[in-house]
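Enquirer: Protein chains in written order, with my numbering: chain R, 1 to 626; chain A, 1001 to 1353.
These are computed hints drawn from the structure, not numbers from a lab. Just so it is clear, CB atoms sit at the ideal spot from N, CA and C, and this is done for glycine as well. A few of these clues could be false.
What the hints assert, rightly or not - Have a look at the derived ranges for each label pair, beta carbon to beta carbon:
no., chain 1, residue 1, chain 2, residue 2, range
1, A, D1015, R, V135, 28 to 38 Å
2, R, G448, A, D1063, 34 to 44 Å
3, A, S1023, R, E236, 46 to 56 Å
4, A, S1038, R, N240, 34 to 44 Å
5, R, L7, A, K1209, 24 to 34 Å
6, A, D1064, R, K444, 33 to 43 Å
7, R, H570, A, P1088, 45 to 55 Å
8, R, K444, A, P1088, 31 to 41 Å
What the hints assert, rightly or not - Below, simulated BS3-like cross-link-like pairs (lysine-lysine); rule was C-alpha separation at most 25 Å, straight line:
no., chain 1, residue 1, chain 2, residue 2
9, R, K9, A, K1209
10, R, K528, R, K515
11, A, K1101, R, K515
12, A, K1340, A, K1262
13, A, K1209, R, K13
14, A, K1115, A, K1101
15, A, K1104, R, K528
16, R, K146, R, K351
17, R, K351, R, K148
18, A, K1277, A, K1352
19, R, K146, R, K352
20, R, K13, R, K444
21, R, K528, A, K1107
22, A, K1340, A, K1259
23, R, K528, A, K1277
24, R, K386, R, K283
25, A, K1107, A, K1122
26, A, K1338, A, K1262
Okay, here's what each chain looks like letter by letter:
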Amino acid sequence: MGQAAGLSKLLRKIRWEMDAFSWSQLIIVLASFTAFLIVPLGLVIVRSFYSSSGGFSLYWLQTILTDPFYFPLRLKLLNQFPFISLEGIRGSLYEVVKYQTASGEETIVLLTGWDMGVIPNSLVVATFTTLFSTVLGFTLAFIFAKYKFPGSEALRIVSLIPLLSTPFVGAIGLKKMIVADGVLNVLFYDMLHLLPFKIEITGLPAVILVQTLLFYPIVMLNSYTALISVDPTLEEQAINMGASGFRLFRTVTLPLATPGIEAGALLVFILSLEDLGTPIVFKGTTAEKVLTFQIFNRIFTPAGLISQEATTLAMILLVISGLVFVGVRRYVSLKKYAMLSKGGTWRPKRKKLSPAVTLLVYLFILGVLFFATLPHIGVTLLAFAKQWGPTLLPSSFTLDNFIAVLSDREASRCIMNSLVYSSIATLFMVVLGVSAAYLVSRKKSLPGIEALDLLVTIPIAVPGIAVATGLFLTYLGTPLSPTISGAPLLIASYTVRKIPFTVRSVFSGLEQTDKTLDEVAWTVGASKTRTFFSIVMPMILLNVLAGGMLSFIYSMSEVSTGIVVGDANHRDAPMTWKMYDMLFHGLAGGTFQPAALGFLLMTLQFIFIVGANLLLRKRATALIGV
Amino acid sequence: MVSIRTVNLTKVFGDVVAVDHVSLEIRHGEFFTLLGPSGCGKTTFLRTIAGLEMADEGRIYFDDQDITDMPAHLRGTGMVFQNYALWPHMNVFDNIAYGLKIRKVPKEEIRRRVKEVLKLVKLEGMENRTPHQLSGGQQQRVALARALVINPRVLLFDEPLSNLDAKLRIEMRAELRRLQRELGITAIYVTHDQEEAMSISDRIAVMNKGRIMQIGTPKEIYKNPRNEFVARFIGQGTFIPGEVVSSGEELEVRLESGKVVKAVPSHPDVRLEAGDKALIMIRPESFTLEPGRGYNEFEVEVYHISFLGDSQMLQASNEVENFIIEVDPDLEISVGQKLKVYAPPKHTLAIKL
Ligand SMILES: Nc1ncnc2c1ncn2[C@@H]1O[C@H](COP(=O)(O)OP(=O)(O)O)[C@@H](O)[C@H]1O
Ligand SMILES: [Mg+2]
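With the rest of the complex left out, here is chain A (with noise of 0.2 Å):
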């Protein structure tokens, strides 16, 4: 177990920046997620971490010690890819075994820990099997078991789950979840689906064109957006641009209609000036169907309802903006209805531009 500290971490592939000046921290024993959008440089990160891609620039330690240089195979990751790959030519009981040979454990003690890990990930008895009689999840479990076996300081996951249908997605990554904690092992888990990050992780850092947009907790990073990417890509949201009129602990800003709405900044450290551009953010949850304040009012027309048992997601605009409600599954509403929702200026979000 160990904490892995990158500092300016950069890799260029010709004109492309994949990974540009990062920063990071990743403590002792986390569950830490880079979520981010397709392409944005996610695999190339934890590439260069495992050693399988050269750093252009900047350092990465495991814990004090400057790792940035050393050949992979020193570095005593363990690594689940996306495709999984599993060697074809070597049956799952060898496939799991490999590393453990490397490392010259007497053959009994093999034997043993390979059985312990199949047991750990649920493939008793599947020694003899060949990678292709497997099933998608079984070969991402036996990846996993490759990995976990050598007792990595680190695991790395490549969107492990990607290739699985949803149900068993949702099964492993609680599967995967409950087995890092068990055995403490720092782990960093790469992801475009912010669903699934938020699920997992102790903290989330969110990526941009090889950036770091946003390092927090799911909630964190929910509540609190430091900037429109991460509003935007994490959950959803009404969005409104305007202009910041008077700062303070409460802010006031204009919308586009001329409409004044009380706000707070989308962060702490994010500072607002009367005169600067804000976008407005509001979560559909953050609305009440409760007005007579006289002030972060909408009246609003519904134009579609989406039923999803548990609430029901409303679609509607005012001719200038549109917006996305969550109302209880209970209320009666039709499409065309109108309605005059409210949003509490402590959820009524002010994102810097």
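This is chain R alone, in the form it adopts within the complex (with noise of 0.2 Å):
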């Protein structure tokens, strides 16, 4: 009885707060996010269990559990100290490499690291990243929340600037910095005498470096708003009850900006995993043993039918980061509190520090920004270069590589391909995301609707190559085939993955205005559809923009899905793809066009970002944490 009565409770509750329009928001929204992503990950996971027979298999999993090249690692008993060991490990951190030059001999150390096999590689190298990321970011955000110098603010906002392009255009740039006579060789070694010898850094320690220097401002930024936001009289209170120094660090200061140094560190730990584009560079060497990359370099078998080996790989990926998912929901709702706590942040106390340490500080903090925008100058410096021998610059500059790319009929097509994919991908988020958000914000009494924002802001967590791959199990052969047209997937890739940016800015404008502003339209007469187009819309127009424009942006510079229905369908490929096409199969030009395709991706990322902070001014903070 009692459950019949909470039952038409509960149907009532439903009929109270949902009207047509708020139903056909809510299906629309379910509906894309099902076709698009929830069926396809669930094919993903279904198909990696199918034998070919078709019924329930392990086979392909064990397969590639027991296959060397994935999973070598064996503990193997022995019979004397320390009576186990771990084998399967091949290869060494570095090689020397010593060769004959017109000048002597030289030594190049080769910085190629182990090779574990691709599953444990990929463990790795997001193991190093977040580790490396953390360190430096949150070392930065301490400096930057906690004492005072010349100069800090705008330090700041500079050592952000990775947050300004993929890891994939980023490596580039790097690539042309860390190989054997790249720039940093020229400058540490030829002109500096700094180094002993030459270092190439290559392989995974390359994938690591990359996204180190691209991920550590997502640390950054999160524990710096986690340190502002610490009540300065708790720090206070420690210190005058005795404690300082490393003591008050440890106990007071660390605990409470743990949350968000946690939640930046596990949303790198997942970009790193799902990062396609950093191997990509770097294909050739040991970089391609991860996940990703085996992914997508198996995902067509030559009959043109996806492979199943990629397949349940994919289900690998998805399972791991699923599982660090669980641990970055704190990072979802830690976003969400700092939307809404906008200004509402402590005015800290900042320290002023002595010449000696503010001179250690500025060498620190320049060494880091010297790195980190390392890619950012490489590929600028390859996009104008004419020609780029063993030297600090390019020996001479040139336009000539926008010219050709700009000229070049594929690649311009290309680029028309992702600004018209990506801008109807836009209008799709800005539709279901503004539903999204408004169900999410306006209707929380609602049972169940936690799971509507779980559902748009998964994404963030969901790595790409995973998507791509259930994208084309779900959809190949049937008329939104990848090779019938490319836009379909596309479209709807970019939709269900960058999604969670127009929703999150979306969210926190609805947070901000508040709901008495509905109430009272309908009080005078206005139905819900009525208040929501002439009251709700309007006040949150420019989250909406903001929004739009980094969702757009982030949908410009998509690599996972775009690389691959590029490969299989190249009249329809985005940008990424031809940058992709052209370093490995372009003819003249080398990395120089595709670095000029990297560069106006780059410059477009620039502006759209700053646009889009500038716009909401402080109706939000940290828009750009991911």
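Hey, can you piece these two chains together into the complex? The hints should help.
Expert: What follows is the structure in structure tokens.
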């Protein structure tokens, strides 16, 4: 009886909250996400447990986990101390190569890293990237949050620069810096003689380096927000009770800031795990031996079918990031909180530093910034280079790369494709994102509405390559097949993958407009639908615009689906695929033309991200948090 | 203009019963006030009437029409929110005209009616201001105009004056009452300020923890509180606990000090029998300084005097009990002085505990 009454009350509540318009909002969001995220990812999981005859089977999982290529690590029992050993690790951290030149013998230390097999490699790369990004990001955040020195605000903003490009573009730029006759060796070995030998960073270490330099700002932003949100009186109290220095830091400051640091770190872990762009740039080295690249490399069988091996790998990637996401959920709530409490942060007391320490701090920050801006400087120089041998700067500059790219029929078609797909996807994202954000913000009392919130936030933690695999599994051979046209799946993929930016921006706008503004419109006779369009929308327009801009630009720079779809259908490929294509199948021009494309993308990204943040000004903090 | 009736109206938020089986009836054109401490459920009640919250139990009727499940925008209520809730992206004219545009009123008529209502609330010529260019009082008037212009069936006010300064508050009170009376619209007014409630209302419902404690005219509520909560919440008084020793038209109540006083039940509905616990309440102005009857007399020592201009409030005690006594402003009196005061039995109220 009680249950029946509860149910009828629930139904009444639903009828009360949901009018036809809200239903249509809910349905389009659910339908789109079901069709282009849930079903595809479900298929990735289901298909990896298919046998060739169609029934349930662990064949592929078993094959992969026993294949030394993917998982070579074995524990072996020994009969003497330490009785157990880990086998299967190949290669060494570095190799020393000596060769003769005209000026005598030269030594190169090749930093290649161990190869532990595809699955462990992915985890090791993600772990190190997370570790380095966290140490670097937190240290910077701590310095900026706690100390006062001239130019600190400007330096803080400059250190966010890496957020302005994707790893794919950054990797192209950085590669030129870290190879044997790259800029760093020219600078530190040839010119400054600071190094006793040349160093070439390649393979997995190169991936870790690129990712660290591009992802540390995520930890930095999260930690910074957390640190300046720490109530200064808590620290003062601790000081009054006798805590000081490192003890104060360890017992008070760090624990209070930990949720923020953790949130950033977990996000970095997932972004590293799902990054396909960097391994692609370092194709031909051990960098290939990570999950994303292997999925990408194998997704198509020569027969034009989706490889089960790739599907199973995608499933493994999905499961790993799914597990991490359980932790990242904290990130989401934290972010919401941060958006809500705009301007509610404390005016932190910043300590002044002695001149000597200030000097050290400057050295550290400038050192970090030197490396952090290398990828961007690299891309820029490459884009304008005519010739660039083993010298610090290109020997001559030119605009030819841009002219070549823009006049190349295929390249300009790819640029057009990207613009069109991203624009259409942005339209969808705005419609779906505004709908979802509105429902989540305004119908909090409806049971289950948090699930909707989760659904539109979760794409942050879903590896793009897994989405791509799922989309292929679902739609190959249907009218939406990428072999017929690349557009539908790319637009769909951009929409589900990049919608969190719109949702978050709109949601923060809605949370900042009092619900009574909606309600008063109802009382004077406006239906909820009418209120939505004439009252709510005008008030959150800026947030919609800013969110749309971010979603647009992150669609433009999307790599995973873009490259996979592009490979299946060159005619409909996006810009990121063209960069990949030029890097490895291009004729003349080498990296100059892809760098020119990368530079264009980076510039657009810069304009859009800065634009979106200017639009919102103080209305939302840390919108570029990803 | 409608009458409003609620039957067992209930609204629950999680564990909190914000409105608890409220049944009451508000008459045509009445100015009805819900009065109670903060958090007692006044806003929730009002929002349920407006259709902004779903009633969990009970029914709401406008005249004979059951509107319990009717969406807010069809109810024809004009609501003035505590924070005014003016739309920041519209100027004064558009804020007020919005409800008329929804109703597809012709442009000319909209202009005329907005002008009229602006005159009514004394904001002529302010059409083009944006909300943030207005003072709190002006914003309040715009919110009122926006609610009035649609000729609502009922006006709902949620502490509309609480954000204004004291002087303006008193002016606006009279103003609101004048408008409501002129327009003849049924109004429900919510406040936690008992003085405001007393001065503005036809009838008051005193609310506590989601329940109605008493409904009555300001005078009734003041003179005949039904229970201790109402007695203590409204006005001031001297409170002395005791036990009924004899019942009837006039009660006899033995105070804790052993003294027996003559009293009457605080409210016609209150029944007290010998042996019941009771609380004696005497309003400050009920005391006189003319003893000599031999009963209901208290000997007290004054320990604080507040001079209020038209009267003086004395705080006094007799070691066991505390007294608040109003005396003539011309009376010469000083702290430490002993007084003998008398409380007539008909003003000595016995409240059932
Ligand atoms: N939307 C809500 N969700 C949960 N609790 C609420 C909500 N609105 C009101 N309450 C609770 O209901 C009770 C009554 O609140 P309210 O009607 O605002 O009181 P009042 O207006 O008399 O101050 C309070 O305990 C309040 O915390
Ligand atoms: Mg209230």
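Enquirer: Compare the structure with each hint and give your call.
Expert: For each hint, the structure was consulted:
For the hinted restraint 28 to 38 Å between A/D1015 and R/V135, the CB-CB distance of approximately 45 Å leaves it violated. Distance hint check: the CB atoms of R/G448 and A/D1063 are about 38 Å apart, consistent with the given range 34 to 44 Å. Take A/S1023 and R/E236: their Cβ atoms lie about 54 Å apart, and the range 46 to 56 Å holds. Between A/S1038 and R/N240 the CB atoms are about 35 Å apart, so this pair conforms to the stated range of 34 to 44 Å.
R/L7 and A/K1209 have their C-beta atoms about 29 Å apart, which keeps the hinted 24 to 34 Å range intact. For A/D1064 and R/K444, the hinted distance range of 33 to 43 Å is satisfied, since their beta carbons lie about 35 Å from each other. Checked against the hint of 45 to 55 Å, the pair R/H570 and A/P1088 passes, with Cβ atoms roughly 51 Å apart. For the hinted restraint 31 to 41 Å between R/K444 and A/P1088, the CB-CB distance of approximately 23 Å leaves it violated.
With a C-alpha separation of about 24 Å, the suggested pair R/K9 and A/K1209 falls inside the 25 Å cut-off, and the hint holds. Restraint check for R/K528 and R/K515: satisfied, since their Cα atoms lie roughly 12 Å apart, inside the 25 Å limit. The straight-line distance between the Cα atoms of A/K1101 and R/K515 is roughly 21 Å, inside the 25 Å bound, and the hint therefore holds. A threshold of 25 Å between alpha carbons decides the hint, and for A/K1340 with A/K1262 the separation of about 17 Å falls inside it, so the pair holds.
A threshold of 25 Å between alpha carbons decides the hint, and for A/K1209 with R/K13 the separation of about 24 Å falls inside it, so the pair holds. Only pairs whose Cα atoms come within 25 Å are accepted, and A/K1115 paired with A/K1101 is accepted, the gap being roughly 15 Å. With a CA separation close to 17 Å, the supplied pair A/K1104 and R/K528 stays within the 25 Å bound. Restraint check: the Cα-Cα separation between R/K146 and R/K351 comes to about 6 Å, which is no more than 25 Å; the hinted pair holds.
Among the hinted pairs, R/K351 with R/K148 is consistent with the structure: their alpha-carbon atoms are about 6 Å apart, no more than 25 Å. For the proposed pair A/K1277 and A/K1352, the alpha carbon gap of about 7 Å is at most 25 Å, so the pair holds. In summary, the hint linking R/K146 to R/K352 is supported, as the alpha carbons are separated by about 9 Å, within the 25 Å threshold. Between the alpha carbons of R/K13 and R/K444 the distance comes to roughly 12 Å, so the proposed pair stays at or under 25 Å and holds.
For the proposed pair R/K528 and A/K1107, the alpha carbon gap of about 23 Å is at most 25 Å, so the pair holds. Between A/K1340 and A/K1259 the alpha-carbon distance is near 15 Å, which keeps this suggested pair within the 25 Å criterion. Proposed proximity of R/K528 and A/K1277 is contradicted: the alpha carbons are some 54 Å apart, above 25 Å. For the proposed pair R/K386 and R/K283, the alpha carbon gap of about 24 Å is at most 25 Å, so the pair holds.
Annotation: proposed proximity of A/K1107 to A/K1122 holds, straight-line Cα distance about 22 Å (limit 25 Å). Using a Cα cut-off of 25 Å, the hinted pair A/K1338 and A/K1262 holds, with the two alpha carbons roughly 23 Å apart.
When the structure is compared with the earlier hints, violations turn up for hints 1, 8 and 23 and for no others.
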